[in-house]
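Asks: The primary structure of each chain is shown beneath.
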Amino acid sequence: MNLWLGFLVGLKEIWANKFRSFLTMSGVILGVASLLSMFSLTAGIAKGVREYMKQIGGLERVSVIGQEIPEDQQGYWEISPGRTVQDAEAIAKSAHLVSYVTPVSSLASAAVQRSGHTMRAEVSGCWPDFVPINKHIIASGRNLTHLDLETGQRVCIVGRMVVEKLWPERPNFDPLGESIRINDRPFRVVGVFDHYEREIDKRRRELGLRGASKLSSGSGKPRSSGSRGSGAFDRKNSAIIIPITTMFWEYKSANVVSKEDQGPQYKLDALTIQVADTDRFDETLDQVRTILMSTHREIEDFTFDTRQEFFDSMEQNMRNTRMSGGVIAGISLIVGGIGITNIMLASITERIREIGVRRAVGAKARDIFVQIVVESAVIGVIGGLLGLVASAGVIQILIAISPEANAPVVEFGDVLISFGSAVIIGTFSGFYPAFKASRLDPIEALRYG
Amino acid sequence: MALIDLRNVTKRYQIGEQEILALNGINLVIEQGEYAAIIGPSGSGKSTLMHLLGCLDTPTTGSMHIDGVDVSRAGSNKLSEMRNQKIGFVFQSFNLLPKLNVLQNVELPMIYSGVSAKERRDRALVAIERVELQNRVKNTPLQLSGGQMQRVAIARALVNRPKIIFADEPTGNLDSKTGANILQLFRELSEQGSTIVIVTHDNKIAAQTPRRIEIADGVIVQDAKNAPALT
Chain A
1 MNLWLGFLVG LKEIWANKFR SFLTMSGVIL GVASLLSMFS LTAGIAKGVR EYMKQIGGLE
61 RVSVIGQEIP EDQQGYWEIS PGRTVQDAEA IAKSAHLVSY VTPVSSLASA AVQRSGHTMR
121 AEVSGCWPDF VPINKHIIAS GRNLTHLDLE TGQRVCIVGR MVVEKLWPER PNFDPLGESI
181 RINDRPFRVV GVFDHYEREI DKRRRELGLR GASKLSSGSG KPRSSGSRGS GAFDRKNSAI
241 IIPITTMFWE YKSANVVSKE DQGPQYKLDA LTIQVADTDR FDETLDQVRT ILMSTHREIE
301 DFTFDTRQEF FDSMEQNMRN TRMSGGVIAG ISLIVGGIGI TNIMLASITE RIREIGVRRA
361 VGAKARDIFV QIVVESAVIG VIGGLLGLVA SAGVIQILIA ISPEANAPVV EFGDVLISFG
421 SAVIIGTFSG FYPAFKASRL DPIEALRYG
Chain B
1 MALIDLRNVT KRYQIGEQEI LALNGINLVI EQGEYAAIIG PSGSGKSTLM HLLGCLDTPT
61 TGSMHIDGVD VSRAGSNKLS EMRNQKIGFV FQSFNLLPKL NVLQNVELPM IYSGVSAKER
121 RDRALVAIER VELQNRVKNT PLQLSGGQMQ RVAIARALVN RPKIIFADEP TGNLDSKTGA
181 NILQLFRELS EQGSTIVIVT HDNKIAAQTP RRIEIADGVI VQDAKNAPAL T
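Going down the list, the protein sequences come from chains A and B. Residues in the first sequence are numbered consecutively from 1, following my numbering. Residues in the second sequence are numbered consecutively from 1, following my numbering.
Isolated chain B, as found in the complex:
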């Protein structure tokens, strides 16, 4: 079975009197090891799709399997567990906890999976080394640059060895050079076997991934393989 398997997924929101159909019959399969971009203008439903894929929400109708687990109707605790064990998030605004240092931020997901203190530390240090911030371990996020913060966030996303990493506009708050570095890091991770899905509205970013899923008005309008990226 595919790592991610969505069948006829719809998502409706009720905002006051108005009902919004954010997703309207999505069929999507993402295999282990893929590196894909979901692209679409704002209001297209791409954020909603990412919330579903990231187990932050459940579909109104349709079925959704992640790593073989049916999460179509999963409860809050089940979703938390999925996010903790199988999913890593990277956000546009980094979302690091400002009062914790780099090490503690990276340790955070493991706190909720009951990893022992020693193992937490060891694994966090490995992840920090992977993003090349080993000399910033004791710094707090406010002492870091944007690119460094995003790398901490990536280390945090990696640390619980998730099945898939979701990045929501990961370069949106970064200058283009730093953004390129982050994308380079994703590419390396992908080459090492991680499954990565980037959500973006930027075609240039989407063009760099092997697969490009375009969404508009709640449906997938194009799902194409890109030519091998030029770097």
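Chain A extracted, bound-state conformation:
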């Protein structure tokens, strides 16, 4: 007997016992639905996390940070100038594996004002490369220029949230050419960053769905980009950047502590690079290290803060979540499989005589085995398909109740895995009943009932 015939016999048998077959399948249906929902839930979380990681600069963004000086260099560490603009200049000049570099000197919480409106924001003095390194997009106006840097222009580029806070009545306004005050010094706005938002918000807005009202200027409400909150977006949206030279001249040339000037503070708060090719990541870091060892006079008072470990552990966590969720959902699928085994056992008991007749007209033991296994596999196949349909509903519910950034995502591979598991479970569930059926003695079977 070939498989196709077995399949047809199986279908017929299932159709003949519709209600019982459906009850049998229900375990598989629920199992598949929970497995796929589980997968899409974790895939959604993974997507949210990856989006976040991309927002904060991705793997290619590397910070040069200070570190404890090695013990054998403790005695003469003062000869190193620390992280300076010269480091950035040397890297820009010599490290060809680095695509962008920027020194950063910042005011952690500067008072930013415009005619009566005040906010606190972090102001970063930097180079134009700051924009690409931190994945900023200038929505209108221009980036900082080398002329701004050389001449120490009082110009700034502001984030969308800064505009919302300083021009609350016109949140969509692009204040190019307008003046704002940063720690009481006037600056001219030359550029405005894009409004950063989660992909899902963007999609919503483009489709004109819920959340779109926040953007209509008539409402007068600022776009609250972080109501459900991811810090990465809030922080990015409230960024203000100015030329680093301006930062030094205006704010860092004197440091008065206890009425005594400690002199200029031209050391950097951050030194950030972007690796041109992540496949040559380590090579790039070696190149930068060599350059910095020379500018730091062989004092190794710096190290690299890469996201590699952080990203790796994020990915690891996501894999673990996925795995444990899969195991839990898998258990319900196995329970469904046990249900199939149970019903198939009952069903062959009912059909002992049929099996006897089939044997009498020439069916071999393995023909009977194949028939029962195929029947059970068909239950798995149909249960799997219905499970996919059911999971579509479950996922809609999950989408409605889960945080938007982590909204479930259905991936084709997961659909295949869920469906495949149902078929495999269905097939395996049939093995024991099929084995029992195939072992029946034809004479006994014919005499039965």
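Some hints could be false.
Said to hold, decoys possible - Listed next, the in silico DSS-like pairs over lysine-lysine satisfying Cα-Cα at most 25 angstroms (straight line):
no. : chain 1 : residue 1 : chain 2 : residue 2
1   : B       : LYS163    : B       : LYS118
2   : A       : LYS12     : B       : LYS118
3   : B       : LYS177    : A       : LYS12
4   : B       : LYS99     : A       : LYS12
5   : A       : LYS12     : A       : LYS436
6   : B       : LYS86     : B       : LYS118
7   : B       : LYS99     : A       : LYS18
8   : B       : LYS118    : B       : LYS99
9   : B       : LYS163    : A       : LYS18
10  : A       : LYS436    : B       : LYS99
11  : A       : LYS93     : A       : LYS267
12  : A       : LYS18     : A       : LYS54
13  : A       : LYS436    : B       : LYS163
14  : A       : LYS165    : A       : LYS93
15  : A       : LYS202    : A       : LYS54
16  : A       : LYS47     : A       : LYS202
17  : B       : LYS163    : B       : LYS99
What the hints assert, rightly or not - From the derived model, a few chain A residues whose C-beta atoms are all more than 12 angstroms from chain B:
no. : residue
18  : ASN17
19  : PHE19
20  : ALA90
21  : ALA108
22  : HIS136
23  : ARG142
24  : THR151
25  : ASP174
26  : GLU260
27  : PHE304
28  : GLU309
29  : ARG353
30  : GLY356
31  : VAL361
32  : SER438
33  : ASP441
Simulated from the structure, these hints should not be mistaken for laboratory data. For glycine and all other residues, C-beta sits at the position ideal for the given N, C-alpha and C.
Once you've looked at the hints, dock chain B against the given chain A.
Replies: Coordinates of chain B only, in the frame set by chain A:
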């Protein structure tokens, strides 16, 4: 060689502690084209004999050849093949599959011999026509009378062109008129060349066949040619 050749066949069963000698030294030869009845009271061993002849079982000792094939020690797959290719069964309780229609029931043996779908259908229709049920092809067994069901079973037994047809109390569940019709059908088949063995406990049936093999307590007590049957 004879179509069926049994030499010194014994069959023992173990039921709990007790050993039962169901067949005790059977010698039997049935030639191609014969029409015979095996008769005996219940417990005589006639059913056991039929199971052996029908390749549902193998003897404990002795040798058994069917159509020249030694099946004395045949395995399960070999027996299945023999049943499929050389033997047709007709049972007292018809043993049709209730979920399949007449055509599908008749096609059943061919499914296990790998006959193509088209040929299955054609051959099944020929067999159904032979038992005159061509207008019942799509009915299920439950929609048929007892006599019709038995005719479907006969069509099923015929469809793989077996060497021999075994009928185990074929009229046992039928009223006498219908039973007579079935026996008439067997007689016609026999006249057309089929080899047929009927197992029965009914002397009236056994009297209608050219050969009468009587069995009691596991041995053949009489093997006689009947006078030509009167119809």
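Asks: Now tell me, hint by hint, if it's right for this structure.
Replies: Hints and how they fare:
1. B:LYS163 to B:LYS118: 23 angstroms, holds
2. A:LYS12 to B:LYS118: Since the Cα atoms of LYS12 of chain A and LYS118 of chain B sit roughly 20 angstroms apart, the hinted pair holds (cutoff 25 angstroms).
3. B:LYS177 to A:LYS12: Answer violated: LYS177 of chain B to LYS12 of chain A is near 36 angstroms, above 25 angstroms.
4. B:LYS99 to A:LYS12: The hint holds at about 9 angstroms.
5. A:LYS12 to A:LYS436: Holds, at about 21 angstroms.
6. B:LYS86 to B:LYS118: 22 angstroms, holds
7. B:LYS99 to A:LYS18: Holds. LYS99 of chain B to LYS18 of chain A sits at ~14 angstroms (cutoff 25 angstroms).
8. B:LYS118 to B:LYS99: 21 angstroms, holds
9. B:LYS163 to A:LYS18: Given that 25 angstroms is the threshold and the Cα spacing comes to 41 angstroms, the pair is violated.
10. A:LYS436 to B:LYS99: 22 angstroms, holds
11. A:LYS93 to A:LYS267: Given pair LYS93 of chain A, LYS267 of chain A holds - Cα atoms ~20 angstroms apart, limit 25 angstroms.
12. A:LYS18 to A:LYS54: Roughly 51 angstroms between the alpha carbons, so the hint for LYS18 of chain A and LYS54 of chain A is violated.
13. A:LYS436 to B:LYS163: 31 angstroms, violated
14. A:LYS165 to A:LYS93: Violated: LYS165 of chain A and LYS93 of chain A sit about 39 angstroms apart, past 25 angstroms.
15. A:LYS202 to A:LYS54: 16 angstroms, holds
16. A:LYS47 to A:LYS202: 15 angstroms, holds
17. B:LYS163 to B:LYS99: 28 angstroms, violated
18. ASN17: Label violated. Min Cβ-Cβ 10 angstroms, cutoff 12 angstroms.
19. PHE19: 16 angstroms, holds
20. ALA90: 81 angstroms, holds
21. ALA108: 80 angstroms, holds
22. HIS136: 69 angstroms, holds
23. ARG142: 76 angstroms, holds
24. THR151: The claim holds: THR151 of chain A sits with its nearest Cβ about 90 angstroms from chain B, beyond 12 angstroms.
25. ASP174: 74 angstroms, holds
26. GLU260: 101 angstroms, holds
27. PHE304: Given a closest Cβ separation of 70 angstroms, the condition holds.
28. GLU309: 62 angstroms, holds
29. ARG353: 7 angstroms, violated
30. GLY356: The claim breaks: GLY356 of chain A does not keep its Cβ more than 12 angstroms from every Cβ of chain B (closest is about 8 angstroms).
31. VAL361: 4 angstroms, violated
32. SER438: Nearest chain B Cβ is 9 angstroms from SER438 of chain A, so the label is violated.
33. ASP441: The claim is violated: ASP441 of chain A sits with its nearest Cβ about 9 angstroms from chain B, within 12 angstroms.
Of the numbered hints stated above, those contradicted by the structure are hints 3, 9, 12, 13, 14, 17, 18, 29, 30, 31, 32, 33, listed in ascending order.
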